[in-house]
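Following the hints, complete the assembly by docking chain B onto the known chain A.
Line by line, the protein sequences are chains A and B. Read in order, the letters of the first sequence are residues 1 to 425 in our numbering. Read in order, the letters of the second sequence are residues 1001 to 1405 in our numbering.
Simulated from the structure, these hints should not be mistaken for laboratory data. None of these values were measured; they are calculated from a predicted model. Worth double-checking, as some hints may not be accurate.
[Unchecked claim] Below, in silico cross-link-like pairs of lysine-lysine (DSS-like), each with a Cα-Cα straight-line distance of 27 Å or less:
(1) 364(A) / 338(A)
(2) 1332(B) / 211(A)
(3) 243(A) / 1123(B)
(4) 204(A) / 130(A)
(5) 417(A) / 1128(B)
(6) 1333(B) / 206(A)
(7) 243(A) / 338(A)
(8) 1307(B) / 1333(B)
(9) 1332(B) / 243(A)
(10) 368(A) / 356(A)
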Amino acid sequence: MATAFSATLPLHGSSSQENRLLLPPTRLPPPPSSFLGSTRSLPFRRLNHAHAARRSPVVAVQEIVKEKKPTNPLLITKEEGLVLYEDMILGRSFEDMCAQMYYRGKMFGFVHLYNGQEAVSTGFIKLLTKSDSVVSTYRDHVHALSKGVSARAVMSELFGKVTGCCRGQGGSMHMFSKEHNMLGGFAFIGEGIPVATGAAFTSKYKREVLKQDCDDVTVAFFGDGTCNNGQFYECLNMAALYKLPIIFVVENNLWAIGMSHLRSTSDPEIWKKGPAFGMPGVHVDGMDVLKVREVAKEAVIRARRGEGPTLVECETYRFRGHSLADPDELRDAAEKAKYAARDPITALKKYLIENKLAKEGELKTIEKKIDELVEEAVEFADASPQPGRSQLLENVFADPKGFGIGPDGRYRCEDPKFTEGTAQV
Amino acid sequence: MAARIHGGAGAGAATALSTFNPKKLVAPSRTNLPAARSSKRCIVAGGGSDASKSLSVRHSQKLIASAAVATKAETSATTGTGHELLLFEALQEGLEEEMDRDPHVCVMGEDVGHYGGSYKVTKGLADKFGDLRVLDTPICENAFTGMGIGAAMTGLRPVIEGMNMGFLLLAFNQISNNCGMLHYTSGGQFTIPVVIRGPGGVGRQLGAEHSQRLESYFQSIPGIQMVACSTPYNAKGLMKAAIRSENPVILFEHVLLYNLKEKIPDEEYICNLEEAEMVRPGEHITILTYSRMRYHVMQAAKTLVNKGYDPEVIDIRSLKPFDLYTIGNSVKKTHRVLIVEECMRTGGIGASLTAAINENFHDYLDAPVMCLSSQDVPTPYAGTLEEWTVVQPAQIVTAVEQLCQ
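Isolated chain A (complex conformation) (with noise of 0.2 Å):
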């Protein structure tokens, strides 16, 4: 079926069925990425989905994409690549110094990091707006980098610092920025994709009820494993219900820790749950960030349009393991040494290069630049100072009082022990 995506110059010069995960031969292999149009109306026309489909709106897709670049055969200008670039760059020293920084023993806990999926994060987060949201899990270094937040404020927080985005109070897995929508870095599966909801919740009460000019969309991201569990089916349900702006992203890279997606899930295609509730469902290959990016539009745009959620489904893989304190035994190596083949940052880079986007030198100084940018988080990190104890009862509660009236009758949070943090609550 052609869509707006055959259409394109793909990294990898092949359409994604080549490029499909190894499958049993007993299982069919995922469609090349088509996108099921929206169905306006509602479940009643669920058995005829297929065809329905094939009524979408992709056709006017097709001709945003040509009225945009009426010339230019490629999916991306220079400035626009170099900013791809940089951003996937980004995620990738950053990680590597994490990983370094930890086995230096200058951050704890659970570390999980992102290498292999930064074209899910480029290739999403790059099309948003400042006043868009983005909600992640535990794996959110590099959304919240790609969202804006700073290499030292996310590294500062790594190191449990005071001046890390969360005061050191969040920690790796609780990655939160206001001033960016950064929503959060969750640490349960799932428990974020129900807050993403209320996020695009707000944007259509405020443009529905309050009447404001609001087309923030929300963009979840979670994992294969997250699409298992209740809190997903709930949220595809009342966002598909209430036609909600949002955009679930799916970062299937096959693993839950030891859990291969194959042995947990009956129906591993978890983009044929969208149409499932109502909204389409897309597959893209998560490993080239153009594509991601091309879905990535199309989503934003309907979210925009106020037509509702879309739930995508991108094939990605992480090169380390689940957390930094997994051996990463079970996967094999030669299904690790076929993913490493399709890095989304050589991709890029060939097809900067190949296309004349780019030269090698500009790429280096990029690489450089974001050298110096993570060594110069880390010596930030690095000199910024411990929360101190007055930090320990501040932010428990938005308004102190909620600590409540102590015998004497004044206010815990009156209590001048309270800002030095030692006050009885």
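What follows is chain B alone, placed relative to chain A:
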């Protein structure tokens, strides 16, 4: 009209129960609920308290002091104008006023919109404010509670209803992790000004799962406040205060109290979320209670007064945090404490309160703190068994007699 914050006892409030008609209860308990009146005597600000207390809230308005025991005739005379309504109407009034006042306040829950709420607390609101502001959700507590939290983070002020408090067990993930902790883990960047409310408690033969008391489960969650309303006056006041609070507040209502009738002031008022309510001042013993057990206690108080005791009854109202000032003052006066609650014995509010009192006021106690709670038993369906799982007035009388020996 500017809101007046009433501190301490129900200043200006009508008596809780002078017009109370037990037959109007949804499910009247077998014991005869009182025509008992609560005293309207208030803690007058200056009396006996440390003048250096700086909090304007506690000393703000001139509190109306009145006679120690209210009589029927005195009720309407002292309060003057006001209007009479049922508890669920008081909740609705509070909610509606707040929704009028701030367009960011919205409601979400099952059957809150077109159905008007399964206990009619949101009746008529969907017609007035629309389907998006009074949102009928599908049956997915965890997800819609999380949705409310996400909406709160991004600027709205949702009131999330659990059709029965017990259903919120399904939302525990969101309530604990996101509602309670997110303000902290985000380093104070995001506030969660939600109100989570719903009816709980033992009803009339509703069965074990519909008769749960979730206050004990939620009390450890850092970052949330819990309040329990017990009269139309404090129901409206607490609802308004909870909505205006920047903190996440869980408002516990009781299934059997929705049809309580009381006269409440016409002018706007808010109750303080962190304060306890003096129901009946006394000298011999402090009885701490909340929600429905307040009425069992007041019934027992009637018997006790006849027997010559003078119990001081405090409705703690704020389940988390405890108002240790009001409680402490009382303990210092009477030296005996009885806690009467509907919560389970193990790990309930009473257990925490006992610990707090022992920790803070041990020297003032003449006897160990006694706590009467519900049995650690899933609430049976059979009426007789159900009656025996909760504390009855006769037990309260016995306990007081025992403590006052």
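Quick rundown of the hints versus the structure:
1. 364(A) / 338(A): holds, 25 Å
2. 1332(B) / 211(A): violated, 56 Å
3. 243(A) / 1123(B): holds, 25 Å
4. 204(A) / 130(A): Holds: residue 204(A) and residue 130(A) sit about 17 Å apart, inside 27 Å.
5. 417(A) / 1128(B): The given pair, whose Cα atoms are some 48 Å apart, is violated under the 27 Å limit.
6. 1333(B) / 206(A): violated, 53 Å
7. 243(A) / 338(A): violated, 39 Å
8. 1307(B) / 1333(B): Satisfied, since the Cα-Cα distance of roughly 20 Å is no more than 27 Å.
9. 1332(B) / 243(A): Status violated; Cα separation ~59 Å.
10. 368(A) / 356(A): Given pair residue 368(A), residue 356(A) holds - Cα atoms ~21 Å apart, limit 27 Å.
Hints 2, 5, 6, 7, 9 from the earlier list are contradicted by this structure; the remaining hints agree with it.
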